[in-house]
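Use these hints to put chain A onto chain F, whose structure you have.
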Amino acid sequence: MAEIVLSVSGLTKKFGDIVAVDGIEFALARGVTAALLGGNGAGKTTTLSMLLGLLLPSAGSITIFGEDMLTRRHRVLPRLNFSSPYVDLPHRLTVRQNLTVYGRLYRIPGLRDRIAALAGDLQIGDFLDRPFGKLSAGQKTRVALAKALLNEPELLLLDEPTASLDPDTGDWVRSYLETYRARTDATILLASHNMSEVERLCADVMMMKKGRIVDRGSPQALIARYGRATLEQVFLDIARGGDVAQRAAAQ
Amino acid sequence: MTAAAPAPARLRVPTGDGFSPARVWAMMLRYLFLLRSSWPRTLELIYWPAIQMILWGFMSQFLMTNSSWVAKAGGVLLAAVMLWDVMFRGQLGVSVSFLEEMWSRNLGHLFATPLRPYEWVISLIFMSFVRVAIGVVPSALLAIPLYHYSIFTLGLPLLAFFALLMFMGWAMGLAICGLILRNGLGAESIAWFAVFILAPVSAIYYPVSILPRWLQYVAWFLPSSHVFEGMRAVMFEHTFPLGHFIAAAGLDIVWLAAGGIVFLLYMRQARRRGALMQMGE
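Residue numbers (the numbering used here), protein chains in the order written: chain F, 1 to 251; chain A, 1 to 281.
None of these hints come from the bench; they were simulated from the model. Even glycine gets a Cβ: it sits at the ideal position worked out from N, Cα and C. It is possible that some hints are incorrect.
Pairwise CB distance ranges (calculated) [claimed, not checked]:
| # | chain 1 | residue 1 | chain 2 | residue 2 | range |
| --- | --- | --- | --- | --- | --- |
| 1 | A | Trp-48 | F | Glu-178 | 46 to 56 Å |
| 2 | F | Thr-230 | A | Arg-272 | 35 to 45 Å |
| 3 | A | Arg-272 | F | Ser-9 | 17 to 27 Å |
| 4 | A | Trp-48 | F | Ser-9 | 46 to 56 Å |
| 5 | A | Trp-48 | F | His-91 | 23 to 33 Å |
| 6 | A | Trp-48 | F | Ser-61 | 50 to 60 Å |
| 7 | F | Ser-61 | A | Phe-196 | 45 to 55 Å |
| 8 | F | His-91 | A | Thr-239 | 44 to 54 Å |
| 9 | F | Ser-9 | A | Pro-21 | 34 to 44 Å |
| 10 | A | Ala-22 | F | Ala-117 | 13 to 23 Å |
Examples of chain A residues lying across from chain F (beta carbon under 8 Å, computed) [what the hints assert, rightly or not]:
| # | residue |
| --- | --- |
| 11 | Arg-10 |
| 12 | Leu-11 |
| 13 | Val-13 |
| 14 | Ala-22 |
| 15 | Trp-25 |
| 16 | Leu-29 |
| 17 | Thr-113 |
| 18 | Arg-272 |
Looking at chain F on its own, in the form it has when it is part of the complex:
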């Protein structure tokens, strides 16, 4: 039986009258790469924010590594990390300074060696001493990934990890994530709009719509269930809420 790393039950977030996340439930085992897939406003980023403890849920529970995230988040956070285009690193600090500050926040032993190793792995060595704000989008993404991997997280949360990247850099990031998961047996949960990315990386896909998980399965199983050729077509079926989607979800 695979160890359950992340378990979510009845997770709900309301902003006034708006229900952003509506009682979702799921669990993820160690070593799995899973995706939250859905259109804009489906609740993906809100869900990730709650998993990180940056946003307090209105109801429900989150258990990570067997600890209640709402009351014991400081025991969990050293084993967790994330990357998101919605937050930034300080622009005036160099890449090395940024990584040093975050490395010290995680109290990483042998930090200098760790930064050197990540710089080699993620090919950021050439601009370690340049201000973060002066990097290209692709370089920033690699640095954000380096920050997310500083503590070698057992659970890695990624919000649109390849958004605004050119196809080459996007492919490179996806390959790196595959290697990382294989090497460390980490669990990766990503929120994405990119169907080909999800098909390639994820064994488990949760389709979100209006704050709910409306369907779940492997990319292949979802494609077969909806009678479509690609995950993108499945996504469109669900987003548009047609008969096919209702029948498939009922199955």
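Okay, now just chain A, sitting in the frame of chain F:
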């Protein structure tokens, strides 16, 4: 699934339990890196206190020949302006370091680490101390050759005044950070003007007795009023006013507690509203 595979050797990262001086140092390092990266920022820290001191120095020289009150204790206005700057810079030191995180949209990253809000607050307070030292010490030293006045002649009471005003500045800084967390960067100007609301009531350059009766009651609720009354007592009467010292210290405790509570309450509210992920320019 790979559950049956042996667990790979992992990086051993300490747990996030309890207070960590290392995390406080990490945050200080972040602000020190920033300060070091920009000489205009460092210059700005020194510039305003120096300009204030120069203006009030000339004003003092003029008033010493035209005012018997100022003539009795040369340097009373200079001491007042420098001590007021301690409080203002103390408050700004907390608020501006905090604003740096807002400007760089970095709060989401910070609070996804094991950093605790109170560890961050301690780092902000340390940085405030560093900023005050950079800003006020050069002014104090410059006043010696320019106006033949050394604030250090106040002796040990100077340390007490300095500490009491810093505490008040930190209390205000924390409350202002809370308000900015609550209202977003649109409210950042509060950091620059809030302290000046208290300036007229703090009796910086004149005794509390000058204020209207009802405003005197307000003034005695400010630690700063007791400090400036105490400063004048040292300079005019050459006595250390223990009563003012105790009153200012007691009020500082209340102010710091209130500032800390406001900050932590709005921090929690920011987590409820999802503001930590969204704050930024």
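Hint-by-hint comparison with the structure:
1. Checked against the hint of 46 to 56 Å, the C-beta distance between Trp-48/A and Glu-178/F comes to roughly 54 Å, which is consistent with it.
2. Under the hint 35 to 45 Å, the C-beta atoms of Thr-230/F and Arg-272/A, about 39 Å apart, fit the expected range.
3. Between Arg-272/A and Ser-9/F the beta carbon distance is about 20 Å. The supplied range of 17 to 27 Å therefore holds.
4. With their beta carbons about 55 Å apart, Trp-48/A and Ser-9/F fall inside the hinted range of 46 to 56 Å.
5. Roughly 25 Å separates the CB atoms of Trp-48/A and His-91/F, a value that falls within the hinted 23 to 33 Å.
6. Checked against the given bound of 50 to 60 Å, the beta carbons of Trp-48/A and Ser-61/F, roughly 51 Å apart, stay inside it.
7. For Ser-61/F and Phe-196/A, the Cβ-Cβ distance of about 47 Å falls inside the hinted range of 45 to 55 Å, so the restraint holds.
8. At about 53 Å, the beta-carbon gap between His-91/F and Thr-239/A stays in the expected band of 44 to 54 Å.
9. Checked against the hint of 34 to 44 Å, the C-beta distance between Ser-9/F and Pro-21/A comes to roughly 37 Å, which is consistent with it.
10. As the Cβ distance of Ala-22/A to Ala-117/F is approximately 21 Å, the hint placing it in 13 to 23 Å holds.
11. Because the beta carbon of Arg-10/A sits about 6 Å from the nearest beta carbon in chain F, less than 8 Å, this interface hint is met.
12. About 4 Å separates the beta-carbon of Leu-11/A from the nearest beta-carbon of chain F, less than 8 Å, and the hint is met.
13. Evaluation of the Val-13/A hint against chain F yields a held restraint, the C-beta minimum of about 5 Å falling below 8 Å.
14. Nearest Cβ of chain F to the Cβ of Ala-22/A: about 5 Å, under the 8 Å cut. The hint holds.
15. Taken as an interface hint, Trp-25/A checks out: its beta carbon lies about 7 Å from the nearest beta carbon of chain F, inside 8 Å.
16. A hinted interface residue such as Leu-29/A counts as satisfied when its beta carbon comes closer than 8 Å to some beta carbon of chain F; here the least separation is about 6 Å, so the hint holds.
17. With a least beta-carbon distance of about 4 Å to chain F, the hint placing Thr-113/A at the interface is held under the 8 Å criterion.
18. Hint status for Arg-272/A relative to chain F: holds, with the closest Cβ pair at about 5 Å, below 8 Å.
No hint from the list above goes unmet by this structure.
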